[in-house]
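Trainee: Spelled out from the first residue to the last, the chains are:
There are 2 protein chains.
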Amino acid sequence: MDKSDSRIILALDVLEKERAIQISSEISEYISFIKINWPLILSAGVGIISDISRIKPVICDLKLADIPNTHRLITGIIKRSGAYGVIAHSFVGSDSLQEISKTEPSLKVFSVVAMSHKGASELMDQQVDKLIRISKDANVYGVVAPANNLEMLKYIRSKLPDKVIISPGAGAQGGDPVKAISAGADFVIIGRSLYESSHPGQEAEEIYERLCTIPKRRPLSN
Amino acid sequence: MDKSDSRIILALDVLEKERAIQISSEISEYISFIKINWPLILSAGVGIISDISRIKPVICDLKLADIPNTHRLITGIIKRSGAYGVIAHSFVGSDSLQEISKTEPSLKVFSVVAMSHKGASELMDQQVDKLIRISKDANVYGVVAPANNLEMLKYIRSKLPDKVIISPGAGAQGGDPVKAISAGADFVIIGRSLYESSHPGQEAEEIYERLCTIPKRRPLSN
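Top line first, the protein sequences correspond to chains A and G. With the first letter of the first sequence counted as 1, position 172 gets the number 171 in numbering that gives the first Met the number 0; the numbers rise by one all the way through. With the first letter of the second sequence counted as 1, position 188 gets the number 187 in numbering that gives the first Met the number 0; the numbers rise by one all the way through.
FYI, nobody ran anything at the bench for these hints, they're computed from the structure. A quick note: this is a predicted structure, and the numbers were derived from the prediction, not measured.
List of simulated lysine-lysine pairs, DSS-like, C-alpha gap at most 30 Å: (1) A:Lys-78 with G:Lys-117; (2) G:Lys-16 with A:Lys-78; (3) G:Lys-129 with A:Lys-129; (4) G:Lys-135 with A:Lys-129; (5) A:Lys-129 with G:Lys-117; (6) G:Lys-117 with A:Lys-135.
Please put together the full structure from these sequences, using the hints given.
Mentor: This is the structure we're talking about:
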């Protein structure tokens, strides 16, 4: 059975290079992308991006939030390492987001429009419309919206019918992958419940099968 | 003459390890801290933090803007590498900021309350009061405020009389170091006009001398 249509992104939140490669290889057939973040890059070095890219396309979850010139420099480095996409914040403004695509037009930019930790309620939640506006202005490829806040996820989908939505917070963090996809996410980002499972491949296959029962919003492409 | 009271922070925005060490050594006597950011860490590896720390205390300008757990992991890694301080965003909320100090109480946290690039006018500028509020709630050690927006800098100083303010955007980016210190900054962050100078030591000494003419707001400590 061809599983290239998987709507699972693996959140590879581990620190050791060998373990990162082992887990990725073990469940690669059930996932479409692998998301890595700063702790792994700091521990294993920037070369981990190319190592993991050999298994599946890599989305670098860097939560970039700096001035355009710093985004330009970081973009150049991760693109040379083979990154497929990058996650950046929209609140710093459209010029910082646009600088990424200007530097590497083929790198997919996913902007953060909502987060699900407690602190997001202090400012970000109230600014979601503005964050969506900035993301539209910057013409990003996709956005990041929480799988464990379904009302917010539905709202963001209603405002951004044409963007790819990737959703963290499914699995161990409380969100349900099926509910997140049904609410409008294109991909769910799942970490601990996969890599802490004693049978990661089996766990991934089960989630994959459950997600297959939900009709596709539209054809997805890698 | 003892220059340990310097109000200059070197912004070490270069990509090569050897050049980073060479510049830092060349002007070390005129500066109090060295700020490094992601492009250098990505290029040279996380070990650059300990290399540069041997010259002057290092502030890692990571613009952290993630969930508390990711901040915890990054904090552990950079503190083990010898970092003195870290720059993080306040807009993600006080829990993410607090997690840094909770993980490593000795690491100085500087939160971003204003930025000076064009995109900052889209959302951040209007939210400065809220960003200050979050920074206060998180009890950060200091804040980052732009040297090339003196009105904003004065406003932030008036709202945060007791925080250490460090100010980027002085020098090649248009801000004047003397004006920034006079407007309430404790330290100015200067990059290109130092490391692109044909005589970095002389340039640093001149700025140091000019800043000495301004009365100290209060005793500063490293």
